[in-house]
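Novice: The lines below spell out each chain.
Protein chains: 2
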Amino acid sequence: MKILKVNELISIKRSVEAGTSEQQTAVKAIIAEVRQRGDEAVRELTEKFDQVRLSSFSATEQEIEEAYGQVTEEFVAIVREAAANIRSFHEKQLRPSWMTTEENGTILGQKIIPLDSVGVYVPGGTAAYPSSVLMNVVPAKVAGVKRIVMVSPPDRQGSLPAAVLVAAKEAGVEEIYKVGGAQAIAALAYGTESIASVDKITGPGNIFVALAKREVYGDVDIDMIAGPSEIAILADDTARPDEVAADLLSQAEHDPRACSVLVTPSMALAEAVGAEVEKQLAVLPRREIASRSIADYGAIYVTADLDEAVEVVNQLAPEHLEVITADAMELLGKIRHAGAIFIGRYSSEPVGDYFAGPNHVLPTNGTARFSSPLNVDDFQKKSSVIVYSKNAFMENAGKIAAFARMEGLEAHARAVEARLKND
Amino acid sequence: MKILKVNELISIKRSVEAGTSEQQTAVKAIIAEVRQRGDEAVRELTEKFDQVRLSSFSATEQEIEEAYGQVTEEFVAIVREAAANIRSFHEKQLRPSWMTTEENGTILGQKIIPLDSVGVYVPGGTAAYPSSVLMNVVPAKVAGVKRIVMVSPPDRQGSLPAAVLVAAKEAGVEEIYKVGGAQAIAALAYGTESIASVDKITGPGNIFVALAKREVYGDVDIDMIAGPSEIAILADDTARPDEVAADLLSQAEHDPRACSVLVTPSMALAEAVGAEVEKQLAVLPRREIASRSIADYGAIYVTADLDEAVEVVNQLAPEHLEVITADAMELLGKIRHAGAIFIGRYSSEPVGDYFAGPNHVLPTNGTARFSSPLNVDDFQKKSSVIVYSKNAFMENAGKIAAFARMEGLEAHARAVEARLKND
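These protein sequence lines map, in sequence, to chains A and B. Under this note's numbering, think of the first position of the first sequence as 907, with each following residue one higher. Under this note's numbering, think of the first position of the second sequence as 907, with each following residue one higher.
Do not take every clue at face value.
The list makes no distinction among identical chains, and a pair is therefore deemed to hold if it is satisfied within one copy or across any two copies.
Said to hold, decoys possible - 35 Å max Cα-Cα, derived DSBU-like pairs, lysine-lysine:
id, residue 1, residue 2
1, K998, K1017
2, K998, K1296
3, K1052, K911
4, K1296, K1240
5, K908, K1327
These are computed hints drawn from the structure, not numbers from a lab.
Extracted from the complex, chain A is given alone in its bound form (with noise of 0.2 Å):
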C-alpha cells in the first residue's frame, strides 16, 4: 500500500458511473415502454433480460414459506436479531409533530407523518444481500409507511434467493414483485396493472436501475445514487496492524473502485499495517477485486500527530470511519465529516454492516459532507401548519400588505387587505 505524506492528499471522488449513451437510451425506450403497455412491457422485459416468463409478479405466501425452508434456523435467528437491533436504533428517530401556541391565538406547527407507499429495489445476480432488504425496508416500517413493495429480479426458474424472501418477510414486507433492472423502477414509479405505483424508491442496483432512478426522480422521490464504497481508519499505534489491514480489506473486496484509506501519525503501523495488507489479501478468496481496490484507491497518510490526522479525515468525509486511538471517544468532538463513525477496536466496520443498528446505507465519494446516513427522515416528510386568529392577523396584516407591496405583489397585499374590508 502506498504510503504519503499528507501534502498529497488524493480526493477520494471517483466519478459516479453515469452510464453510455446507449444504456441511457435503452433505459428511456423501457420505462416509455411500460409506461404505455404496463403489465405486458413488464412481462416481456423480463423474458428478455431474465428469461423467464412470469405469468404473475407476485411471489406468493407459498414461496416464501419455502423460502424459510431453505436456509438455515441460525440465518433466521440472526436476520432476526439484526432487524430488531435496526428497528432499535431507528425508532428512537421518530419525531412527533409539533406546535405552538401564542396568546393571540396564533397556532404554528410542523405536521410530520410517514410517506404513503415506498418501493424498495434489491438487486440480484450471484450474491443475496439480505442486509440491504432490512436497512432499506426497517426504517421505512419504523417511520409508518403503510405500504412497503420490494422488488428484485427473478433467476430463470423465476424465484427470488430464500435469503432475501426471508428477510424480506422478517422486515414486515407484505408486497413483493419478482421484477428487475429498468422494468421495476418504471413499474414503481408509474404504476402498472399489477403493480401500484409508489412515492419513492430506495435501494441500490446495477447501472440500468441507476439511470432508471435518476430519470423517474421528480415524479418519484429517490434515496441517492451510490457511489463506491469508502472506509478510512484514523489509528494510533495502540492499534493493532492485522486488524486493521483485515478492515481496509473488508471494503477493498466490495469493488475494484472501493476506497481504504489508513490516516496515522506513526510510521510504524503504517509500515506494519502495509506489510499486513500484503499478506491477507495473498489468501482472500476476492483477492482480485481487493488488489485492485487497493492499488488504485488505497493509501495510507502518515501526519505529523492526531490533531492533523482527524482534519485530513474530515477533508476526507468518507463513508466510514473507524477511530483506533489510545482515547478514540475524545476525538468524536472534532469529526466533523463522516457518514458513520465507529469508535474503538471492537467496533469493526462489518458490525454496522450487519448488526449493530444503525443504517449501512451511508453518503459515498466525500458527500458525508452535506448527507446523511439513510434514516427514518428519508421515510417521512414535514407539512407547515398555519393557524392564525382574527387578533393575530389584525395585529399584523398592514405589515404583510406592505411587505408584499414592497415586493411589487398587489394580488397578494389585496388577499390581505379583503378579510380588512369585510371585518
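Since chain A is already given, all that's left is putting chain B on it; use the hints.
Specialist: Relative to chain A, chain B alone:
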C-alpha cells in the same frame, strides 16, 4: 374560471423547465470556464451578462450601510419582525445529537451537526425579493451553519437592491458577492480565488441558475429545482367568495404557469368565486400574468361532500393549501399531502409568504407527496456513531461473521475474527 367535476381532475404536475440544449451547453461552458480560470472568468461573464465590470465582487460594509439609507424605517422594522418570527419557528426544529447506552457497553447514536458552509442564490432582475433572503438564510443560521454566503447579480451600476442587502444583513449574512447566473453557481460549487466553495447551494433562480444547480449537484448539495407555484383552497359555504378569489389570484400573479384551484362541495361558492375572480382580475396590476395562469391552470372542483374534497386535495398534493370551512381545524388530521396548510379565513396565504415564520420555500408540482418545506434539517447532517465494547463484540462476533459469509463477503468475516484471534 372552469367549474369541473372531480372525475375530470387535472394533474397539477407541470413539467419543470429543462432548458434548451443551447442553454444546457452554455451553462456547461460557463461552469468549465469558472473552474479553469476562477475570478477572471467570473469577471468576464459578469461583464457579458450584467453589463458591469467589477474589480471586487464583495458587497462592502459601506454599501450595506448605504442600503439602510435607501429603505424606510418601517421596512427595516417589518423585516426584523419577520426574521424574528422565522427564527423562532425554525429554532423549534433543532434536534440534539443523541445516544443510547446498553449494559454490555454498547453506545449507539446520531451526531447531528450543521453543514460547514452554505451559499444562497438571490435572483436579480426588476423586482427584489427580501423575503426570499430571509427564508433561505435564517434556517441555515438557526441550524448553526458558520459560513453563509449570498450571491446575487449586480445591476449596471454594480449594485444590489437595497432591500436585499438590508434583508441579508438582518438575517446575519456576512459574505455577499455581486455575482449571478450560472457563473455564481459555479463559483459557489468549485471556488475561485476570492470566493471559497460551499457545501450546499439553495435559493431560486432563472433557467440558467436552475441548470447550473442541476449540473453541480453531487459535488455540492442543492435544495431543489422548484417548479411553478400552486395553491388549493378547500372551502365550504362559510367562506367568503371575495376572499377566496383574492387568495387564488395572489398565487396566479406569480407566474403564467402558477396553478390556483378551489375545491368545494358548494356549487353556490363555486359560482360566486368564479365571478369574483373575473371581477378582481380586471383591476389587478399583474392581470396579464394572472389571467393566463387562471385560464390555463385554474380550476374549481365541485365535490359531493367535504370528505371527497379532502381526497381531491390529497391527490393534488398542492404547495399551499388553505382550509376555509366551518370546522377547518378538524380536517387537519385528514390532510396527508400539502407543503403548507393554512387553517381558517385569517390564515391567508401571504401571511405565510412573508411573516408568520414557517418557510415559504415549499414542495411544488405534487412533490408534497414526498417532500417537505425548507427546514433546519436541510442545513444539518447526521453521522451514525457506533461504539462496541469488548463484551458487546464477543457476544455478537459469531453472528456478524456468519451473516457476512452468507453474503459471500469473506474479508468482512475475517475482519471480525481478527479480533477474536488476538484476544
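Novice: For the identical chains here, do K1296 and K1240 meet the 35 Å Cα criterion within one copy, between copies, both, or neither?
Specialist: between (49 Å within a copy, 24 Å between copies)
Novice: Within a copy, between copies, both or neither: where do K998 and K1017 come within 35 Å Cα-Cα?
Specialist: both (18 Å within a copy, 13 Å between copies)
Novice: What label fits K908 with K1327 when the C-alpha limit is 35 Å: within, between, both, or neither?
Specialist: This pair counts as between: shortest inter-copy Cα distance 27 Å, intra-copy 76 Å.
Novice: How would you classify K1052 and K911 at a CA-CA limit of 35 Å: within, between, both, or neither?
Specialist: between (52 Å within a copy, 30 Å between copies)
Novice: Checking K998 and K1296: alpha-carbon separation at most 35 Å within a copy, between copies, both or neither?
Specialist: between (39 Å within a copy, 24 Å between copies)
Checked against the numbered hints given earlier, this structure breaks none of them.
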